[in-house]
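Sequence lines, in order, name chains A, B, C and D. Here the first sequence is numbered in this note's numbering, starting from 1 and rising by one per residue. Here the second sequence is numbered in this note's numbering, starting from 1 and rising by one per residue. Here the third sequence is numbered in this note's numbering, starting from 1 and rising by one per residue. Here the fourth sequence is numbered in this note's numbering, starting from 1 and rising by one per residue.
Don't take each hint at face value.
The list cannot tell twin chains apart, which means a pair is met if one copy fits it or any two copies do.
Cross-link-like lysine to any residue pairs, in silico, SDA-like; alpha carbons within 25 angstroms at most [stated by the list, open to error]:
{"no.": "1", "residue 1": "Lys-94", "residue 2": "Ala-51"}
{"no.": "2", "residue 1": "Lys-91", "residue 2": "Gln-103"}
{"no.": "3", "residue 1": "Lys-94", "residue 2": "Pro-46"}
{"no.": "4", "residue 1": "Lys-91", "residue 2": "Trp-43"}
{"no.": "5", "residue 1": "Lys-94", "residue 2": "Ala-108"}
{"no.": "6", "residue 1": "Lys-94", "residue 2": "Asp-48"}
{"no.": "7", "residue 1": "Lys-94", "residue 2": "Trp-17"}
{"no.": "8", "residue 1": "Lys-91", "residue 2": "Arg-59"}
{"no.": "9", "residue 1": "Lys-94", "residue 2": "Phe-11"}
{"no.": "10", "residue 1": "Lys-91", "residue 2": "Phe-20"}
{"no.": "11", "residue 1": "Lys-91", "residue 2": "Thr-5"}
{"no.": "12", "residue 1": "Lys-94", "residue 2": "Glu-47"}
{"no.": "13", "residue 1": "Lys-94", "residue 2": "Glu-50"}
{"no.": "14", "residue 1": "Lys-94", "residue 2": "Arg-107"}
{"no.": "15", "residue 1": "Lys-91", "residue 2": "Asp-16"}
{"no.": "16", "residue 1": "Lys-94", "residue 2": "Trp-43"}
{"no.": "17", "residue 1": "Lys-91", "residue 2": "Leu-80"}
{"no.": "18", "residue 1": "Lys-91", "residue 2": "Glu-47"}
{"no.": "19", "residue 1": "Lys-94", "residue 2": "Arg-105"}
{"no.": "20", "residue 1": "Lys-91", "residue 2": "Glu-39"}
{"no.": "21", "residue 1": "Lys-91", "residue 2": "Trp-17"}
{"no.": "22", "residue 1": "Lys-94", "residue 2": "Gly-106"}
Keep in mind the hints are simulated off the structure, nothing from the lab. Because the structure is a prediction, the values reported are computed rather than measured.
Number of protein chains: 4
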Amino acid sequence: MADLTCRVAQFVDERDWDQFHTPKDVAVSLSIEAAELLEHFQWRRPEDIEALLADGDYRNAIRDELADIMLYLVIIARRLDVDLIEAALDKLEKNRDRFPPEQYRGRAHPG
Amino acid sequence: MADLTCRVAQFVDERDWDQFHTPKDVAVSLSIEAAELLEHFQWRRPEDIEALLADGDYRNAIRDELADIMLYLVIIARRLDVDLIEAALDKLEKNRDRFPPEQYRGRAHPG
Amino acid sequence: MADLTCRVAQFVDERDWDQFHTPKDVAVSLSIEAAELLEHFQWRRPEDIEALLADGDYRNAIRDELADIMLYLVIIARRLDVDLIEAALDKLEKNRDRFPPEQYRGRAHPG
Amino acid sequence: MADLTCRVAQFVDERDWDQFHTPKDVAVSLSIEAAELLEHFQWRRPEDIEALLADGDYRNAIRDELADIMLYLVIIARRLDVDLIEAALDKLEKNRDRFPPEQYRGRAHPG
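Chain A extracted, bound-state conformation (with noise of 0.2 angstroms):
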């Protein structure tokens, strides 16, 4: 993780880019990205999904977006000098507080 910021930052560095990455810029950039991963599940049932699944292309385009995803959030964080992952370990430690697992057990999860 360290290792990937590390070339994040200096990708963004060589084209000087760091001018228009806005939080409020990369976090439009996020939802677009989140939106082009929805794109490969639009209009398809779950089955439909796994049976995509098996095939190499389609599991490599996704994995391009979890990866876009992925960069697109080291940069806000970045930006924002946040940790994601303490961040995510700290959430994950609230929502253990919030769902007990004896009260949610297999009941989907709000939100």
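Place chains B, C and D on chain A using the hints.
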């Protein structure tokens, strides 16, 4: 990252939530979380956002949204057997070729 | 529709909100509202949604989200001097050519 | 509007696409289309967008995205038996009470 993936897996297992985490439904949740992040910037100009970022509550709320996106990203990546760091590094390599610095320096990147 | 456009214009004028309604910021709000609509279907299977739709509160909450999307659509269309009905009819005509019934009958449409 | 709803219904019937148009799947498509609209404004400053809007192709591409959102809105509204104009007027009335002009004049509205 390996530790985070592990803890997310454990969290999901303890609640038996794997059954809800179809790729499509997690992608839907990613889109919703991306929009929640965007809400913090809605109607705001870059300079208003910079000013707000001095406020601890505002920063923490945003950190929480980034964590939510990260958690869903880990969930879907695990489901699809994708290594997020590796996928992001591969994509960065592709982008390096698509956007040569000499050509894109200081010019807004497309997409 | 003409009446709705008129009332939206009056509502915006009375609050002097035109200054906030740049096309980009209204598009951001449209994305956020679309995600809020999606939230009502998050983690739910089609059959659960059908059952929930019998509930008046659930239906009304969804009706409200559709109204929000419609209102932002009217705001951005007015700003860009687009006639929504005419634009939709034109697009429908294009789709009629792109997706001939004999070829697409009962087959999920792309995009 | 009544005419548009009618033609959309006919278009869908001719292709037997009603089976795909569950509320959840249409909401997913609305989110995707909202993101496609947003793409036209991605990384761009308000002044760049104003300049681009003088270009006919750019305007038409945006008009097309608004049309797509409108068409899906008509499809989901019809499915849920919601009158879009009426719903929007009702919501506007609610917003009139929530945001009194004397209090919100010239101040960015929340949400």
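Hints versus structure:
With identical chains, the CA atoms of Lys-94 and Ala-51 are never at most 25 angstroms apart, being 36 angstroms at best within one copy and 28 angstroms at best between copies. In this homomeric assembly, Lys-91 and Gln-103 come within 25 angstroms of each other (Cα to Cα) only inside a single copy, at 19 angstroms, whereas the closest approach across copies is 36 angstroms. In this assembly of identical chains, Lys-94 and Pro-46 lie within 25 angstroms of each other by CA distance neither inside one copy nor across copies; the values are 30 angstroms within and 30 angstroms between. Taking the shortest Cα distances, Lys-91 and Trp-43 sit within 25 angstroms of each other only across copies (20 angstroms), while inside one copy they are farther apart (32 angstroms).
In this assembly of identical chains, Lys-94 and Ala-108 lie within 25 angstroms of each other by CA distance solely inside one copy; the values are 18 angstroms within and 32 angstroms between copies. In the homo-oligomer, the alpha carbons of Lys-94 and Asp-48 never lie at most 25 angstroms apart, since the shortest distance is 35 angstroms inside one protomer and 28 angstroms across protomers. In the homo-oligomer, the alpha carbons of Lys-94 and Trp-17 lie at most 25 angstroms apart only across protomers (17 angstroms), although the nearest pairing inside one protomer, at 35 angstroms, exceeds that limit. Taking the shortest Cα distances, Lys-91 and Arg-59 sit within 25 angstroms of each other only across copies (14 angstroms), while inside one copy they are farther apart (29 angstroms).
With identical chains, the CA atoms of Lys-94 and Phe-11 are at most 25 angstroms apart between copies only, with a shortest distance of 11 angstroms across copies and 34 angstroms within one. With identical chains, the CA atoms of Lys-91 and Phe-20 are at most 25 angstroms apart between copies only, with a shortest distance of 20 angstroms across copies and 29 angstroms within one. Taking the shortest Cα distances, Lys-91 and Thr-5 sit within 25 angstroms of each other both inside one copy (21 angstroms) and across copies (13 angstroms). With identical chains, the CA atoms of Lys-94 and Glu-47 are never at most 25 angstroms apart, being 33 angstroms at best within one copy and 31 angstroms at best between copies.
For the homomeric pair Lys-94 and Glu-50, neither the shortest alpha-carbon distance inside one copy (32 angstroms) nor that between copies (27 angstroms) is at most 25 angstroms. In the homo-oligomer, the alpha carbons of Lys-94 and Arg-107 lie at most 25 angstroms apart inside one protomer (18 angstroms), although the nearest pairing across protomers, at 34 angstroms, exceeds that limit. With identical chains, the CA atoms of Lys-91 and Asp-16 are at most 25 angstroms apart between copies only, with a shortest distance of 19 angstroms across copies and 33 angstroms within one. In this assembly of identical chains, Lys-94 and Trp-43 lie within 25 angstroms of each other by CA distance solely across copies; the values are 20 angstroms between and 34 angstroms within a copy.
Both within a single protomer and between protomers do Lys-91 and Leu-80 lie at most 25 angstroms apart by alpha-carbon distance, with minima of 17 angstroms and 23 angstroms respectively. With identical chains, the CA atoms of Lys-91 and Glu-47 are never at most 25 angstroms apart, being 31 angstroms at best within one copy and 28 angstroms at best between copies. Only within a single protomer do Lys-94 and Arg-105 lie at most 25 angstroms apart by alpha-carbon distance; the minimum there is 17 angstroms, versus 39 angstroms between protomers. Proximity of Lys-91 and Glu-39 under a CA criterion of 25 angstroms is satisfied inter-copy only: 19 angstroms between copies versus 28 angstroms inside one chain copy.
For a Cα distance limit of 25 angstroms, the shortest separation of Lys-91 from Trp-17 across copies, 17 angstroms, qualifies, whereas the shortest one inside one copy, 30 angstroms, does not. In this assembly of identical chains, Lys-94 and Gly-106 lie within 25 angstroms of each other by CA distance solely inside one copy; the values are 19 angstroms within and 38 angstroms between copies.
When held up to the earlier numbered hints, the structure conflicts with 1, 3, 6, 12, 13, 18 and fits the remainder.
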